[in-house]
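Produce the complete structure using the sequences and hints provided.
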Amino acid sequence: MRVLDPECSGPAQREVEGSIKIRVNGEQRAISVGMTVGQLLRDLQIGPERVAIELNLQIIDRREFDQRTLQEGDRVEIISFIGGGGEGMGQL
Amino acid sequence: MTDDRLIVAGREFKSRLWVGTGKYKDFIETKKAIDAAGADVVTVAVRRVNITDRSKENLLDYLDPKKYTILPNTAGCYTVEEALRYARLARAAGVSDLIKLEVIGDERTLFPDTAGLIEAAKILIKEGFVVLPYTNDDPVVAQKLVDIGCPAVMPLAAPIGSGLGIRNPYNLKIIREMIKVPIIVDAGVGTASDATLAMEYGCDAVLMNTAIAGARDPIAMAEAMKYAVEAGRLAFRAGRIPRKLYATASSPIEGML
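If you read the protein sequences in the order shown, they are chains A and B. Heads up: take any position in the first sequence, counting from 1, add 11, and you land on this note's numbering. Heads up: take any position in the second sequence, counting from 1, add 23, and you land on this note's numbering.
These aren't lab readings, by the way, just hints derived from the structure by calculation. Incorrect hints may have been included.
[To be verified] Negatives, chain A to chain B, calculated, CB over 12 Å:
id, residue
1, 31
2, 44
3, 46
4, 80
5, 83
6, 84
[Claimed, not checked] Computed from the model, here is a short list of chain A residues facing chain B with C-beta under 10 Å:
id, residue
7, 35
8, 37
9, 38
10, 55
11, 60
12, 64
13, 65
14, 71
15, 91
16, 95
[Said to hold, decoys possible] Computed Cβ-Cβ distance ranges for the label pairs, DEER-style:
id, chain 1, residue 1, chain 2, residue 2, range
17, B, 48, A, 86, 30 to 36 Å
18, B, 84, A, 72, 20 to 26 Å
19, B, 201, A, 86, 41 to 47 Å
20, B, 117, A, 38, 20 to 26 Å
21, B, 242, A, 72, 36 to 42 Å
22, B, 55, A, 72, 35 to 41 Å
23, B, 260, A, 77, 51 to 57 Å
24, A, 45, B, 48, 42 to 48 Å
Even glycine gets a Cβ: it sits at the ideal position worked out from N, Cα and C.
Written out as C-alpha cells, the structure is:
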C-alpha cells in the first residue's frame, strides 16, 4: 500500500496509476484503488478505537471498517474528541 | 451527613463539580485541573482528527474513560441537524450514550435555541441517547425537557465563558421547585461564590470550564471550586436560617450585671 504525499495534490497525482481521489476531513487525498476505511486509518496512523468515521454523511460501524472500500469522490470524516466546554471551534 | 450521592440516569457520581476540558495550556494542565477539582465527569467536544500532524496527542490518552465519565457535547452546533450529526458521531466514537446536547441560537451570547433543543432532544432520546440538555434558565423549557425524557437539565447561570455568575437566581429556584430530576448549572460561573450559590439554591451539580481554565492559576481555582461546591451543597442540606430584618441576640441576657 502506498501513501501519496498530501502536499502534492493536483494534476501530477491524477497520473498515478491505480489511484483514486477522495476527501478526508476536507482535504483532497489520493489513495490506491480498493483501499478500505480500515486501511486508510492505518495509513494515517490513526487507531480505530475512539474515532468515528462518517462516509458520505453516513456513520460507519467500526466492525465494518475493514470491509468498506472507498470509491472515487468519497467524502470521509474522521472524528474524535478534543478538549471542550461550551465554546465551539473547528467545525466539520 | 451521609449518603449524598449524585445520581443521573442511574449513574452514580462522586463529585458534584463537573468540568470542561477546553482552553487549557496543554493536556497535562487539563488533567491536573480535573484532579484538583475532584471531578469525575468531564466534557469533551467532537471534532475532526488532525490528519496532517499525527504527533498531536489525544486528549483521551490523558483521561482514562474507565476513571472519568466522558461527556461529549454538541458545542458549536447551530441547527438541530448539526447537533444530531455531532451526537451520533460522539456515540459512534464509542464512549457512551451520554450526550450534553447544545443547540446554540445566537453567536454573541451563545444562548441556546430552546425550540431546536427540545426537537433535537426528542429525536436523540428516541434513538436511545441519554440527553443532558444545555438550556436557558427558563423553568417552562426545563419542565418540557423533563417531560420528553431528559434525566437531568443543565440551565445556564450566565452566557458561556462570561463569568457573570448567576444572573437569575429566582428562575433557578423556581426550576428547583418545579422539577424533580437533577439540575446541573452549566456555564457562566465566574468564581467560587457563584458555584456555592448554585448549590445553596438546591441545584445538584455545577459544570464549568472557563472559570477554571481562564483563571490566573487554573489548578488553584479548580481546588477552590471543589470546596465551593462542597460547601454550597452542605449548606443547602444543613438548611440556612431565615432572613430577618432585626437582630436576635446570640448571647443570653440572663446573668448580666
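Hints the structure violates: just list their numbers, smallest first.
-> Per hint list: zero violations.
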